[in-house]
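Starting from the structure of chain A, add chain B where the hints point.
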Amino acid sequence: MRLIALTSATGGAGRTTLCALLGQTLARAGHDVLLLDLDPANLLGLALGAGGRPATGLVSHGAAGRWAETALRTSDGIHYLPFGAGSPTAVQRIAEQLIAEPLWLRNELQRIDFPADGLVLCDTPRQPSPFAAAAAAGADLQFDILATDVYTYATLPAGDAADHAHRCVLNSFDARRSLHGDLRLLLEERLGAMLCPFPIHRDEALAEALARDRALADDAPDSQIARDVDALGRWLLDVLR
Amino acid sequence: MIAGLRRRVAVAFGVAPGVGLKSWLTALFVLPTSQVKPLPAALQRWLMPLQHATAIDLAVPAPRRLRQWFVALWWLSPEARQRLTPLSQVARALLTPLGWPLQLLERVLNHFDFAPLSARLETLATGSPLAGPLLGALGLVIAGLSVVLWATTPLSDTQQLGLFVAVWLFSMVVRRLPGRAATLLLAGLSVLATARYAWWRINNSLAFEGIGEWLFGGGLLLAEIYAWMILLLGFIQNAWPLNRKPAPLPADVSRWPTVDIFIPSYNEPLKVVKPTVLAATSLDWPRDKLRVWLLDDGHRDSFRQFAEAAGVRYLTRPDNAHAKAGNLNHALQYSDGEFIAIFDCDHIPVRSFLQTTLGWLLRDPKCALVQTPHHFFSPDPFERNLGTFRSMPNEGSLFYGLVQDGNDLWNAAFFCGSCAVIRRAPLESIGGIAVETVTEDAHTALKLHRRGWNSVYLSLTQAAGLATESLASHVAQRIRWARGMAQIFRIDNPLVGRGLSLFQRLCYANAMLHFFYGLPRLAFLTAPLAYLFFQLHIIHAAATTLAVYVLPHLVQAGLANSRVQGRFRRSFWAEAYESVLAWYIAIPTTLALISPHAGAFKVTAKGGLVEKPYFDLRIALPYLALVLLNTAGVAIAIPRLLYWNAFETGTVVMNLLWALANVVMMGTALGVAAETRQVRVAHRVPLRVPASLYLPDGRVLPCVTRDYSAGGIGVQTAGREPLLPGTHAHVGLRRGDSEATFPVTLSSVRGDQLGLQLDALTLDQERELIEYTFGRADAWLDWHDDAEDDRPLASLREVLKFGLSGYAKGLRALYSALRSRQPVTIG
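So the protein lines, in turn, are chains A and B. Every letter in the first sequence is one number past the one before it in my numbering, and letter 75, counting from 1, is 75. Numbering-wise, my numbering comes out as the position in the second sequence, counting from 1, plus 1000.
Next up, chain A with everything else stripped away, as it sits in the complex (with noise of 0.2 angstroms):
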C-alpha cells in the first residue's frame, strides 16, 4: 500500500476535486485506488458523485478499528472510505488520537486488507490542521496542491527537491492570465523538480460534469482538464517508483 496525502496551505485550492479526479483516472488505468477522505468537512464523496455526504465513516467507525464495515464501492471500483457526520466532540476525537499517535492512520491502514502496490489517496481539511499532519506524516508522499494565487506564493512548503517525499502541482491554471504565467515562473524557480513540470488547467468543462452528475472521464474525455489529470496520474505513479 501507498500512501498520498493531498495537502495544501490554503482553502479552496481544488484538494478534494482533484483527489477524486485521481482516483478515478488511477482506477481506471487499473490500478487498485482507496480514497480516504480526512477532512471533517466530509465532502469528498460529492465530488465522487456520490449525491449527498455519508453519515457513517471515519468519525463514527475509525476508533473502533471497524473500518472495511464503512468503505463504500463506486461505480469505477473504487473504494472509498468516508469521514462521515460526526459531531464536533467526535471530531476532536479523532484529532486528538491523531495527536497523541501521529503514525496510528497507517497502522490502522495496514491492518486492512489491501494489495501491497494499491494506492491510497488521502484528502485532509487546510493545513495547519492535525488531520492533514498525521495525513503526511504517514505518507509515502506528501503532495501540495497549489492554488495559482498570490496566497499560495506566501506559503510555499518549504520542503526542497532532494525529499523525494514531497511534490507540488499547480492547480487552475489559466495560461492567458499573465499573472499566472508569472507565478508559475516563480514557483518553478522556487519549487524545482518538487513541481509538477505542467499545471492543471482552469476549464469549465470540470465544472459542468460535477453539475451533470456524471464522471469527467466520461463527461468530457477530450477536455483540458480530463488530459492534465490523467498526465498528473502518471507523472504521481512515475513519483512513486
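Just to be clear, a hint being listed does not mean it is correct.
Label-pair ranges, simulated between beta-carbon atoms [to be verified]:
id: 1; chain 1: A; residue 1: Glu108; chain 2: B; residue 2: Gly1736; range: 36 to 44 angstroms
id: 2; chain 1: A; residue 1: Pro197; chain 2: B; residue 2: Leu1109; range: 49 to 57 angstroms
id: 3; chain 1: A; residue 1: Ile99; chain 2: B; residue 2: His1728; range: 51 to 59 angstroms
Just so you have them, the derived chain B footprint on chain A, three or more residues with Cβ under 8 angstroms [stated by the list, open to error]:
id: 4; segment: 196-205
id: 5; segment: 223-233
In case anyone wonders, no lab produced these hints; they're calculated from the structure. Since the model is a prediction, treat every value here as computed from it, not as a measurement. Using N, Cα and C, we set each Cβ at its ideal position, and we do this for glycine too.
Just chain B now, kept in the frame of chain A:
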C-alpha cells in the same frame, strides 16, 4: 494598296476583315469552314473509324476540335487511362527485356551481404599507412602515374568496350558497399574513365575543317574540359564531408562573450523584418551580452519606431555606399561586441543559434567564422512550379548539405552572408566586410583564410527564411552570385596569392568556377545543331568509337556523383537546374571576367506573391529559342537519317538523341517559367506540438498543432465539440513545459481541423509568438529527415517526366496568357 492586299489575303484565308492577330494566327493552321473540302471518299472510309476508335480510347469529348485532342494527349482522363492500361502493359512487356540484364544483376547482387567486405575496406582506408604526409605524397605520385598509364594505353574499340563493361560491373558491386572507402573507390573509377575519354578525345577526335568546325568543335571541347575539371574538383571537395558537431560552451556563463547581432535591411517591408528582429532579441544568451542592431539602409521612420519599441538599436547612414557590405561595415564602427552574428532581414534565427555556433569560436581562438545553412520554409520557383517542395532535395541542398561540409574538411567553408557568426578582431583586421565585389560574403571569407584564420561549418539549421518568390527574382539572385564569384576570380584569384593551402585554393576555385557553367551548358545545348543544321563534324570520330569512350565517362561519373551527392541532389537535376539558368549566367560571368566592375547590383525582392498563374515569357524567351532550335534539329535529323546522310547513320542518331535530350531538358525550364499561383502570402510551416484552445465559455480543448504561419495556426482537435467559425478564442502553444496563449478567431472549421487566425497582437505577444513558432530550437530539425538515397534511373525518369509535363504546362500557360490578352510578363 496595302489595305487592298490585306483584304485579298483575308478573303483567301477566310478571315473576317478587321479581326485581331489571334484570328490570323488561327487561320494559319485551321481552314475556315467555307474552304474545307471533304476528304476523298475512300480515304474517309478508312480514316473515320480510326479517328473514332482513337477518340474513344483517349476519351476525347469532342473529336472535331483540335484542342480537345491536344488536351487528351497530355491529360489522360481516368477512363482513358483505364482503357489504355492493356496497351501500356504491352508496351511495358516489350520494354522490360531492355532493363532485364540490369534487373538480373541487381537481383544477383541482392544475395550477397556486403557488410564484412565494406568493414574491411573501411579499416584498410582509415588505418592505411598512406595517412602520413610523406607516404601520402608518394602514394599520390604513384596514383597519378598509374592514371596516366591507364589513360594513355591504346585499345581497340572492342577492347575499350570490354574494359568499360568490366569497370561498370565492378562499380555496380562497389555501389552496394556502404561507407566512404567505397565512395572514394567509385570516384576513382570515374576519374579513370574520364581520363581515358579525355586522352582519346584530345588525341583522336580533333580534326577541324573550316571556321565553322573550329568554332563549334573548339567550343564543345572547351565546354567538355570545363566539365571534366568541375567533376574532378567536385570529388576533391565533396568526397569526404566533415559533418562537424557543435562544440559545447563553458559551463560558467560569465565566460560567454558579448555578441552583436546585425540585421541589415534595404527595402524589405517591416512585416518581413519584424519576426527576425524579435527572434534575435529572444536568443538564448545572457541579456547583458546580446545587442541587436537593425541596420536600415531604407531610412524609414517606421523601422526606427519599431526598433525603439522592440528594444533594439537602430542605425542608418547618410549614403548607401557598397550596399549590404557597406551597411555592415558602418555598424562595425558603432558596436564593440567580441563576435558579430549576421542575419539577412528575412532569416529568422531559432533561439539556440548562438549557443550552437559560439562553441567552436571559443574552443579555437584562430577560428574567425562559423557558418550555418540557409534554410527556406517556402518553396523556391523550381519547387513551386514543378510541385517538388519537400519531396526532393532542392537547389540549395547540395551546397548547404554537402559542399560546405566538404569545404570544412579542408578548412575552406566560406561565409554566405547570413546565419553566420564572425569574430570581430580578424574582420576589422581585413578592413571589415569586403566591398570590392557583389558577393562580399565569399570574398570576406577568402580574405580571412588568406590571413591564416580558420572557418567552421555546422550543418544544423539554426535559422529559416523565405525563398525567392518568382523565377525572375531567382534568376536575378543567381546572376548576382555568379557575377560576384566571377569578380573574385578575376580580382583576387584563390589559385594565386599568399596564405592559402593547396586544397583551400581548389575548394575556392571550384566554388567560383562552378558559376561559369553558363557557356559550357549552352555549348552542350546547341552542339548537336552544328551537325544537324550545317553538317559540321565537330567530333571527328565514328559514332561507335565515340560511344565506347564517352559512355564510360558519363556512366561512371553519374554513378560516382549519385553516390557522393545523390542525397542532396538527385541525378540529372544539376543538368535541369543549369539549363534553366545557363543563359542568364553566361553573359554576366563572362563580362565580369573581362571587366569586373561593370554592371549594377540588384537586391532580390522577397515577400511578394504570384497572384495568378502566368507564363514569364521574357524569362522564357531563351528557353523557347533553344526549344525551337533543338526541335528543328530533330526534324532535320529525320531526312538526314533516311536520305541525305544515310551513309553515317551512327552520327545522325547520336546527334538526334542529343537534340532530343536537350528538348526534354528545356521542357523542365518551360515548366519552371510557367508560374503557379501562390495561394497564401504567409507560408505554412508544419509543427506538431500539443496545444490548448481556450473557448469563451470557459472550456479548454486540448489539440495538436498542424502548422503555423505569420498570420495563423492550424490545429486538430479531438473533434467532438461543435464549434462555429468566427468564435473568438485563445490558443495556448507549448514549448517544453511552458505555455503561451494568443488571441485568435476561428476562421475555418472542417471536421476536427480548425484554422485559427491570429487577432491583433501586442509587440510582446508577437515576440512570444515567434519564440513559440519560428524561433523554436526544434523548428527545422526534422525537415530533412526524409532524405533518401539517389536512384539514378528513377531520377532520370523523373526528369523526363518533368521535361515532358513542362511542355504541357508551358504551352497551356502560354495559351491562356495569349487568350486572355493579359500582359504575358510581370516585371
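Right, here's what the structure says about each hint:
no. : hint                                     : result
1   : A:Glu108 x B:Gly1736: 36 to 44 angstroms : holds (43 angstroms)
2   : A:Pro197 x B:Leu1109: 49 to 57 angstroms : holds (52 angstroms)
3   : A:Ile99 x B:His1728: 51 to 59 angstroms  : holds (54 angstroms)
4   : 196-205                                  : holds (count 7)
5   : 223-233                                  : holds (count 4)
In terms of the numbered hints stated before, the structure departs from none.
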